[in-house]
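2 protein chains.
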Amino acid sequence: MTTHEILTAAVKAKPAVAALSNERKNEALAKMAECLAADSEKICLANREDVEAVKDAVSPVMIDRLTLTPERVRAMADSILQVADLPDPVGRVIESISRPNGLKITKVSVPFGVLAMIYESRPNVTSDAAALAFKSGNVCVLRGGKEAIRSNIAIVSALRRGLSEAGVLPDAVALVTNTSRESARELMTASGYVDLLIPRGGKNLIRSCVENATVPCIETGTGICHIYVDRAADFEKALNIVDNAKTSRPSVCNAAECCLVDAEIADRFLPLLARRLRDDRMSAGKTPVELRLDGRASEVIDGTPASAEDFDTEFLDYILAVKVVDGVSGAVEHIRAHSTGHSDAIVTEDAESAEIFASSVDSAAVYVNASTRFTDGGEFGFGCEIGISTQKMHARGPMGLKEMTSYKYVIKGDGQIR
Amino acid sequence: MTTHEILTAAVKAKPAVAALSNERKNEALAKMAECLAADSEKICLANREDVEAVKDAVSPVMIDRLTLTPERVRAMADSILQVADLPDPVGRVIESISRPNGLKITKVSVPFGVLAMIYESRPNVTSDAAALAFKSGNVCVLRGGKEAIRSNIAIVSALRRGLSEAGVLPDAVALVTNTSRESARELMTASGYVDLLIPRGGKNLIRSCVENATVPCIETGTGICHIYVDRAADFEKALNIVDNAKTSRPSVCNAAECCLVDAEIADRFLPLLARRLRDDRMSAGKTPVELRLDGRASEVIDGTPASAEDFDTEFLDYILAVKVVDGVSGAVEHIRAHSTGHSDAIVTEDAESAEIFASSVDSAAVYVNASTRFTDGGEFGFGCEIGISTQKMHARGPMGLKEMTSYKYVIKGDGQIR
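Protein sequences, first through last, are from chains A and B. Sequential numbering from 1 applies to the first sequence in this note's numbering. Sequential numbering from 1 applies to the second sequence in this note's numbering.
For the record, the hints were derived by calculation from the structure and aren't laboratory data. None of the values given here were measured: they were computed from a predicted structure. Beta carbons: idealized from backbone N, C-alpha and C, even for Gly. Check before you lean on any hint, since a few could be wrong.
[As the list claims (entries may be wrong)] To give a feel for the contact side, a few chain A residues facing chain B, derived at Cβ under 7 Å:
#1 V368
#2 R373
#3 Y409
[Claimed, not checked] DSSO-like cross-link-like pairs, simulated, lysine-lysine; straight-line CA separation at most 30 Å:
#4 K104/B with K412/B
#5 K12/A with K203/B
#6 K107/B with K402/A
#7 K12/B with K146/B
#8 K107/A with K203/B
#9 K12/B with K203/A
#10 K237/B with K107/A
#11 K104/A with K237/B
#12 K237/B with K286/B
[Claimed, not checked] Quick list of the computed label-pair ranges, beta carbon to beta carbon:
#13 K203/A with P87/B: 33 to 41 Å
#14 A53/A with S96/B: 43 to 51 Å
#15 R185/B with M282/A: 51 to 59 Å
#16 S96/B with K146/A: 38 to 46 Å
#17 S59/B with G192/A: 25 to 33 Å
#18 N212/B with G295/A: 41 to 49 Å
#19 T2/B with G295/A: 32 to 40 Å
#20 A19/B with P271/A: 29 to 37 Å
#21 E95/B with A75/A: 26 to 34 Å
#22 G330/B with T189/A: 28 to 36 Å
#23 K12/A with E355/B: 22 to 30 Å
#24 G295/A with P87/B: 44 to 52 Å
Can you make the complete structure from the sequences, with help from the hints?
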């Protein structure tokens, strides 16, 4: 099927999918999980072909991300079942308004309609996104990367069989098998077909979607996250938080990329930080963190001199930019200029500094005495996430099922005219 | 100032404006209203020049829209005071989440930041938009049409003096005085400067913004609104509603453009409709409504034969497309294919038909037994509106102050790491 045919079928499936009860949706999700698990061998075989095709061209990390095993397919099926267990995000009464003229206005959550996803990540995104879109009453049109196309075809084929077995139109979940740039462009500009576009992947993919999309598009992802260690910080907490935010999973968007240290305590804190992130890790046989220091920090400890770019870089690696700032106002000023608006934290025992930071930093998630790594749908209690929005329109921060719905107003009257 | 300089100043003013208390904002709004009223003569003089410049080229309706009088300026000032009276949309706690690990997550409303508006309507939009943006903690960058540029300069000059007198940065409200296409294009693509773009005006303006914007943009406006008269309709209510929705103000987006009539009652209802919209209006010396009839309707009453296009046209005039459909499912099917998702209504005394219609029609506002003319921020009880969104992302239907804010999560911990 051409991308256009897929989109046409998706629009056609929209009303039926939107009208499904929570029970029907959950039955279908169970069937989707069942078929996925049943096709495990087939999926892993297809995946092996994908891996073979790129194995000489990409890094071991990339190979690992691409690779599926029976265990991983099992985990994908389990994720679908977990999505089924979440409350139905559709049909919630968000607000009820009674007007003096007798009109009763109800603001009620509804699906977007057709949700398009362009992504380049692991094949498990395919089943995750399909489950989340379906649970929120949306039809989804998925366009994964070329490197995972055989895996994605096998996965979507299983999911669609699950839908059919549950008596639901299989067009509720569709895969664009053409992985050219043109097919991506077609989704971005499919006005009247695509109600919401969610790109997931690297900076270039996101940029391309934001710049070229004429359909509503959510900007996700890039996180240049800061931890500011205030003069009133508990050093133990500060070290734990910076360490966790930097090293627990450096490749993710909620990992810290920059540590700002209050000038008042730089002399005392920086040596502790260097020991914790470099020496201690080295002794423990772990990758040490490379510290890229601004002028003032390098007067206190050794490290790589930071270039100006280092403060605008999402390293996604064991690298941390370090800068000495003048108190909370200096931290806020730096963050305003360099943050991507994802997650930023202050470590302080001073309630006033915490308050200034929390109200002045305009990021999706602003932390006081906690790691930026918590910016995640699961950690926020949403039970899942489709991505993390770094823009302010519609959704900000982790996007769960609720953020995958829109709303409408239903107004009941008795003949009112204006 | 160039558009770029204006945008730079706007970004700089953002934190200070976002941090203003409700009291400070209200004081400033009072000063803005005061200065506007004080400058009434100056504004009307500038407006006369605007009117002189176009008076031979445009319709009397356009001239009337453009013209300001001391009374109209007074009304603009009063509107600003009314906005001041509304509750502060910033700083609302939308949700509080306590996590098992002790994290306290607060979802709190925040301003967008820099709000750009491109519009071509009456000069009162300038002061209305400025007041709404300011009350919601946003800096606004306004770009009105060329035809009103002298009026807009005079209005914004008064508003900025008001801000200064209240001790607020006048850059909170800025006017782009370059009214070329290029300045509009610059706003649409000002990534990193403009946090939200709201176009207001004709179809072409909106289309151009949606297609060219790389900044988050709200699609507003076009309304092809339907009234479906069901077999179980109370005819008196139906006639009142269709009449009101079509004739009370034909030039607005929530006016009805199409009446769908259930085949079961077409024989009885259509003659009443023709009498009400044509004969009665003619006898009363009012403009009769031209009925454009589909094949089945023209078997019952006289009228202009409808072309296919008539069912996809926003007439904004005393013209109504009329079609006979087979029950509520026929109505829903037609609306799905032809509605712009603005406002659609059913007239019926049958609860089941009402329910089917309300749940199946996916428009911003779905009415049961009331006129589509109620789709309006004031009528919904929002106290104001900046526009009516016809898309599903972020805001749908009338956008009040609440819809002019985003949110952020503030997470407080005690050293939590993940």
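- Message: Output the indices of the hints that this structure fails to meet, ascending.
- Response: none
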